[in-house]
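J.: In order, the protein sequence lines correspond to chains A and L.
Using the working numbering, the letters of the first sequence correspond one by one to residues 1 to 378.
Using the working numbering, the letters of the second sequence correspond one by one to residues 1 to 378.
In case anyone wonders, no lab produced these hints; they're calculated from the structure.
All figures in this text were calculated on a predicted structure; none of them were measured in a lab.
One or more of the hints may lead you astray.
[Unchecked claim] Calculated lysine-lysine pairs in the DSS-like style (CA-CA distance at most 30 Å, straight line):
1. A/Lys227 with L/Lys328
2. A/Lys39 with L/Lys310
3. A/Lys87 with L/Lys227
4. L/Lys3 with A/Lys39
5. A/Lys227 with L/Lys107
6. A/Lys107 with L/Lys227
7. L/Lys328 with A/Lys226
8. L/Lys251 with A/Lys3
2 protein chains.
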Amino acid sequence: MRKTYLLTPGPTPLPPQVCEALARPIIHHRTPQFQAILKEAVEGLKYVFQTKSDVFILSSSGTGAMEAAVANLLSPGDTAITVEGGKFGERWTELCYAYSVHTEIIKVEWSRAVKAEEIKAKLKATKAKVVFTTLCETSTGVTTDIKSIAEAVKNSEAVLVVDAISGLGVIDLKTDEWAADVVVSGSQKGLMLPPGLGFISISQKAWKLIDTARSPRYYFDLRAAKKAWAQADTPFTTPVSLVVALNAALKMLKEEGLENVFTRCRKMAEAVRAAASALGLKLYADASCASEAITAINVPFGLDGEKLVKTMRDIYGVTIAGGQAELKGKVFRIASMGYLNEFDIILALSCLEKVLYQMGYKFELGAGVRAAQEVFLK
Amino acid sequence: MRKTYLLTPGPTPLPPQVCEALARPIIHHRTPQFQAILKEAVEGLKYVFQTKSDVFILSSSGTGAMEAAVANLLSPGDTAITVEGGKFGERWTELCYAYSVHTEIIKVEWSRAVKAEEIKAKLKATKAKVVFTTLCETSTGVTTDIKSIAEAVKNSEAVLVVDAISGLGVIDLKTDEWAADVVVSGSQKGLMLPPGLGFISISQKAWKLIDTARSPRYYFDLRAAKKAWAQADTPFTTPVSLVVALNAALKMLKEEGLENVFTRCRKMAEAVRAAASALGLKLYADASCASEAITAINVPFGLDGEKLVKTMRDIYGVTIAGGQAELKGKVFRIASMGYLNEFDIILALSCLEKVLYQMGYKFELGAGVRAAQEVFLK
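Bound conformation, chain A alone (with noise of 0.2 Å):
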């Protein structure tokens, strides 16, 4: 019997309401009946966002939110600054060389997260109108201290951008409470669907740089989103399937809680550390930015890493996630978000101790699982 299960940071597993509701019969989406559907579902997302201002469904990867916040907020020739810490935060600066937009790059070690007095002082020293961030840098499994930073940015003219793409519904991002003015995310993570669709959330603040932008945009231009959404409607075919299952997941989100499910995470997260010491792993992220979303291990000196994730996939059908870009082969990562609970990890730990032994790893069987176990009843 080959039995799979998916730790991966993206996509994450299909509860089966939301399987269910992925197989209905499709219905037409310029009819109130899909309107009510896509008011509850921008309903939801509000809740999940912690936010009053819009929030926009778009068809697209987390990725075209990405693009949607770049092509909207700035005009070529402006200054935005960036935080490469990581292959998503690359991502922004890349976005904004597309857009001719000049980009004041913060480097930080892959290991660790920006520090606030960083922004303030790029912030100072530049005239930039966005701040690019990211909450959880899938790639390394930091997380960015976003509350600090809004906080150094709030003052200033410039609107802060927050890739939340694995982050929300995951780790606490308080966008109204904290001044985080656009966040953009994707469905496969914490929303717990399929990928295929981008959210983006808009604060007043920052509507006020996209009533002025000059950078070309159609399919992602706000403006017609919010224009169209006056009418509970989307300036195009928006994916209905897709939109009818975000609401099945919206309900289990709100009947578990934000905060709980924020807690479930966490202690995921911290499980697979405690696991990982206690099999003299080392972890890839500083202990100050662990990530609660998704844990990134070192390769153990000697071990194929890449080897060790195919074993665990193809072997045992256990995916978890090999290292990206310059981390291929150097580390493995394993998700604690979305529809998984302890006993996922416990699993997956398991697994991951059985590989680790049959390539030659030394520690002691049960280990890792053991201090999971702990975590998990503490």
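Given chain A's structure and the hints, the job is docking chain L onto it.
T.: Relative to the frame of chain A, chain L by itself:
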């Protein structure tokens, strides 16, 4: 008991095979398992596109694929020819405008199709790099003769782009044989899927423009798509579930055979037209260019067209489409594409007759249904 029937020009009804595929547990997109699925999808799309050129799957609606065409082929200040014979032809102009591309617009009466000679004359008079056309104008039910237009464009410097969003897998479009350089489409029409996937095919001639174009693009950058595809990958996370379901739909299209699909749709459209005539209703599109994918029927004088569509949908569960843009309230539209067969058309016509009767329109009950039956018996 409330039962619903969908006869709109996208989304079209989902076959059970597609629903089942959508409901499957999700897998990670960067695995050999998914790469095999993606390769199968692209091969199947090449069959439906009737091309050996590159075909890419985008995480977007059809309009995203349209934007990909504009942003990748053109630079600010370039000239393009657009054909405005309906809402979707106008979209090409709007997209060009957003990207600062000068447009030479050919205005066509909405009930008629552009002629190859008009394109030829415009090509002679301008330095257009691209000619944008629409295979099936969903808003009017007009099909354009792409074959003769391609013949006219082939020997020029210009690249021919065809919006086949509602035409692909419904109306014959011999991409390679006719030399349609760029064909864009979406998932929710002839391909029988939920919305959420955009498709685009690119000829060698088109690649030359793409490699030199200077419009900003990142999410829709086809150079990145090509590079990723060399590794059987996509640049950004692809809507895994929709791609899995795409293979289920492509399998059905292959089993039926493209020619048979075209014949089925053509017959359904013919039946709708015959029924309309038998009911004394006038067709919106000129007979010379009536679409095989969708039929727009004029609302009879004195009748409330929006009420007709709403009654069919909200009282009887049969969803057809009303008019869009300037045709709002003036026409209603019945699709003949996707997962529909003759008996779906019969039931929709019988519902149409029922509501027309209740609204006081004078006709012989059963005449429309019978006329359609006669077409299907031929």
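J.: If a hint holds in the structure, say so; if it does not, say that too.
T.: Verification of the supplied hints:
{"no.": "1", "hint": "A/Lys227 with L/Lys328", "result": "holds (19 Å)"}
{"no.": "2", "hint": "A/Lys39 with L/Lys310", "result": "holds (20 Å)"}
{"no.": "3", "hint": "A/Lys87 with L/Lys227", "result": "holds (18 Å)"}
{"no.": "4", "hint": "L/Lys3 with A/Lys39", "result": "holds (24 Å)"}
{"no.": "5", "hint": "A/Lys227 with L/Lys107", "result": "holds (27 Å)"}
{"no.": "6", "hint": "A/Lys107 with L/Lys227", "result": "holds (27 Å)"}
{"no.": "7", "hint": "L/Lys328 with A/Lys226", "result": "holds (22 Å)"}
{"no.": "8", "hint": "L/Lys251 with A/Lys3", "result": "holds (26 Å)"}
No hint from the list above goes unmet by this structure.
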